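Okay, here's what each chain looks like letter by letter:
There are 2 protein chains.
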Amino acid sequence: MSTDHSGWKAAASEVLRVGPDFRLGAVDPETTPGYEGGKARGAADLAGGIGQLSELQERLFAESRVGVAKDSVLLVLQAMDSAGKGGIVRHVVGGVDPQGVHLTAFKAPTAEERAHDFLWRIEKRLPEHGFIGVFDRSHYEDVLIGRVRQLAPPEEIERRYDAINAFEAEIAASGTRIIKVMLHISRHEQKKRLSERLERPDKHWKYNPGDVDERLLWDDYMAAFQTVFERTSTAAAPWYVVPANSKWYARLAVQELLLETLTAIDPQWPAADYDVEAEKKRLAAS
Amino acid sequence: MSTDHSGWKAAASEVLRVGPDFRLGAVDPETTPGYEGGKARGAADLAGGIGQLSELQERLFAESRVGVAKDSVLLVLQAMDSAGKGGIVRHVVGGVDPQGVHLTAFKAPTAEERAHDFLWRIEKRLPEHGFIGVFDRSHYEDVLIGRVRQLAPPEEIERRYDAINAFEAEIAASGTRIIKVMLHISRHEQKKRLSERLERPDKHWKYNPGDVDERLLWDDYMAAFQTVFERTSTAAAPWYVVPANSKWYARLAVQELLLETLTAIDPQWPAADYDVEAEKKRLAAS
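Chains A and B supply the protein sequences, listed in that same order. Going from the first sequence to my numbering is simple: count from 1 and add 7. Going from the second sequence to my numbering is simple: count from 1 and add 7.
Extracted from the complex, chain A is given alone in its bound form (with noise of 0.2 Å):
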């Protein structure tokens, strides 16, 4: 289902969306699967959906108010260094309400997280109904890192596909709607952002050495991926491959995932729960 931004071509739910027969490999990170237009349309879609990404998540933001939310939505954003995740979570999630939004950026985790399952940490941070959750990195770590940087035994590794799955399965019955997005950036287009990062002086903060480290592993990533989306690419948790040497479109996708997702959910405005005639009154006398 597609919403009604002109530039929309097809569902980006559904040109996006990992399939049985996916190859990260053949996707690539320059075009804009199902969106026709170039970055200046984009900008003003982009811009004109913010309103109505605001307006669906206020309602359902308000039907959690009352105790009659049965939906929340959940945002999983991994990527490379660079790709862009933060300027999704500034561009596309600050566009909403931050009443409404948990956002969690996971780091490497404490010992107190270490000594407990991956997932542990995780399924505190869910999103209550009426929420919209975000997880800027988050459980696939510890198959993505955790695999690539050997974290973890293989039989341990091996293990946790199925646990994310059982997990994930888990929480879209109790009613979350999961979307997860890899923002995929080619090799070349990593180089010249992270060159960037150290020609500007104002943005030397972002660049962390060990970038290169995990650069150097671009291959073995690229794989682990691949597996992610062969072992977790489910029909409870779908995962999306955003194209994302284009920022713009990037941005764009991601809204458009939320919009038809929130689409989907159609929160409405709940009904009273009190006489709103005898409190007009009340209201009158005091």
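Simulated from the structure, these hints should not be mistaken for laboratory data. Since we're looking at a predicted model, the values are computed, not measured. Ideal placement from N, C-alpha and C gives every residue a C-beta, glycine not left out. Watch out, some of these pointers could steer you wrong.
Stated by the list, open to error - Derived EDC-like pairs: lysine to aspartate or glutamate, alpha-carbon spacing no greater than 16 Å straight-line:
1. A:K210 - B:D280
2. B:K288 - A:E206
3. B:K198 - B:D88
4. A:K213 - B:E165
5. B:K77 - B:E135
Unchecked claim - Incomplete in silico selection of chain B near chain A, CB under 10 Å:
6. R72
7. Q106
8. A112
9. D169
10. Y214
11. D273
12. W276
13. P277
14. A278
15. S293
Starting from the known structure of chain A, fit chain B onto it as the hints suggest.
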């Protein structure tokens, strides 16, 4: 110190600050202290301020990412129902990157929270260095509704003012700039706003019959606020009373208080803690 917004003719932090002889009853909620210019100019200044606030916030956040941030900001919002706390969160706080904001909406305490000291749940939500924390309601509920509704014995209420001052002095000493704001609307303005919520089906969810119950205790609440100001407006954590009948002014004034605070912190883009030239070579070779 005033920023360069042209409509401001005095520092918001000076004209709105609760000093020794402050009387809440003497503040007219219709006024716009320190600001010359009406609604249209106010909207333009608010829009202009978003860019300034965003850059200052990003610098503060950058310092936290490389471990050199020594400051954080805590904005505490208190008010009667419908005074506009939500609008501040949406239109002022919503203008900065959600990654750098920790927002907490405090509700009536849970059984677990009531089993602890009233500051227990507050301490857990304090912002880390580099972050802007926002409290939509706070520990002041425990001396506002707590006092008006006699939810605790008088001697416990009495104890809390000193406990709050000691607590806030401690967190201020650790680097948190505390900005405590009461949004001040008139009783008549509240009636208008609650009435609008009852007239519009899309606003019914924002209305609660309990709002009128509290409204009937208006004078008691004003007296409780007055005592809060007398007992807890300290050098380390001053109160600001913001006339809020004009929503545009209240938003602009809170933005200005944040701008003044962040300008005083004067966060700087952190210097690289790695060898920039060596990294350029590593990246080029990767």
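Hints and how they fare:
{"no.": "1", "hint": "A:K210 - B:D280", "result": "holds, 12 Å"}
{"no.": "2", "hint": "B:K288 - A:E206", "result": "holds, 12 Å"}
{"no.": "3", "hint": "B:K198 - B:D88", "result": "holds, 10 Å"}
{"no.": "4", "hint": "A:K213 - B:E165", "result": "violated, 48 Å"}
{"no.": "5", "hint": "B:K77 - B:E135", "result": "holds, 9 Å"}
{"no.": "6", "hint": "R72", "result": "holds, 5 Å"}
{"no.": "7", "hint": "Q106", "result": "holds, 6 Å"}
{"no.": "8", "hint": "A112", "result": "holds, 6 Å"}
{"no.": "9", "hint": "D169", "result": "violated, 32 Å"}
{"no.": "10", "hint": "Y214", "result": "holds, 7 Å"}
{"no.": "11", "hint": "D273", "result": "violated, 15 Å"}
{"no.": "12", "hint": "W276", "result": "holds, 5 Å"}
{"no.": "13", "hint": "P277", "result": "holds, 5 Å"}
{"no.": "14", "hint": "A278", "result": "holds, 7 Å"}
{"no.": "15", "hint": "S293", "result": "holds, 5 Å"}
In this structure, the hints that do not hold are numbers 4, 9 and 11, in rising order.
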